[in-house]
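Here's the letter readout for the chains.
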Amino acid sequence: AQKITQTQPGMFVQEKEAVTLDCTYDTSDQSYGLFWYKQPSSGEMIFLIYQGSYDEQNATEGRYSLNFQKARKSANLVISASQLGDSAMYFCAMREVGGTSYGKLTFGQGTILTVHP
Amino acid sequence: DAGVTQSPTHLIKTRGQQVTLRCSPKSGHDTVSWYQQALGQGPQFIFQYYEEEERQRGNFPDRFSGHQFPNYSSELNVNALLLGDSALYLCASSLAGFNNSPLHFGNGTRLTVT
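Residue numbers (our numbering), protein chains in the order written: chain C, 10 to 126; chain V, 76 to 189.
Treat the hints with caution; some may be incorrect.
Claimed, not checked - A partial selection of chain V residues facing chain C, derived with a Cβ cut-off under 10 Å: (1) 91; (2) 165; (3) 176; (4) 177; (5) 181.
Think of the hints as simulated: they come from the structure by calculation, not from any bench. Backbone N, C-alpha and C define an ideal beta-carbon position, used for all residues, glycine too.
Work out the full structure, taking the sequences as your base and the hints as a guide.
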């Protein structure tokens with residue numbers, strides 16, 4: 010069974026600074042995908058970034074980058090130049106890829122990020 | 076290009092009642108998944124529908140059932156509501172066979188059971 014662990018219930022960062030949100034995962038699958046989503050208080054889940062298990066380079070999307078360490082089974086999200094609008098709940102999620110999987114997402118518990126001015 | 080739409084946005088029901096939630100997937104998507112998110116928790120997978128059939132199911136009782144229509148829209152039904160069913164219910168859509176692409180989520184339906 011897949012499992013995602015986010016050990017930081019809450020994180021604080023000053024505006025314009027960088028912050029790292031931790032995510033570790035456990036799976037016996039060789040092929041999988043890792044996703045980060047942002048959930049503002051409105052409830053919508055907003056996709057941020059994706060990393061495939063066979064991708065050799067770390068994913069980047071604008072101010073978001075993913076520090077992927079496969080041997081350690083970690084996929085930490087790095088947000089550079091934090092903005093007040095980044096304050097939200099952040100979820101790490103894993104998805105099986107291939108085989109008989111139909112691609113359900115397994116989510117972690119989430120990390121609440123608060124950006125201070 | 077319309078994203079995933081869910082209705083209603085909020086709902087209050089009494090214990091023992093039945094509820095139906097609705098979801099229209101993003102244009103071009105053919106697969107709909109439902110997730111339950113309790114307050115302060117990560118979403119939990121309920122089930123997924125493709126070609127009008129339930130294709131995969133999470134650890135939820137039979138009180139939770141669903142349906143997918145020929146236009147790919149979907150319903151989630153919950154019978155004999157319990158207080159513990161109070162949660163945000165998220166619908167997500169995707170295109171079958173593209174498991175490396177993200178799920179697109181709606182804004183959710185917040186269900187309160189009293």
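What hint numbers does the structure not satisfy? 1
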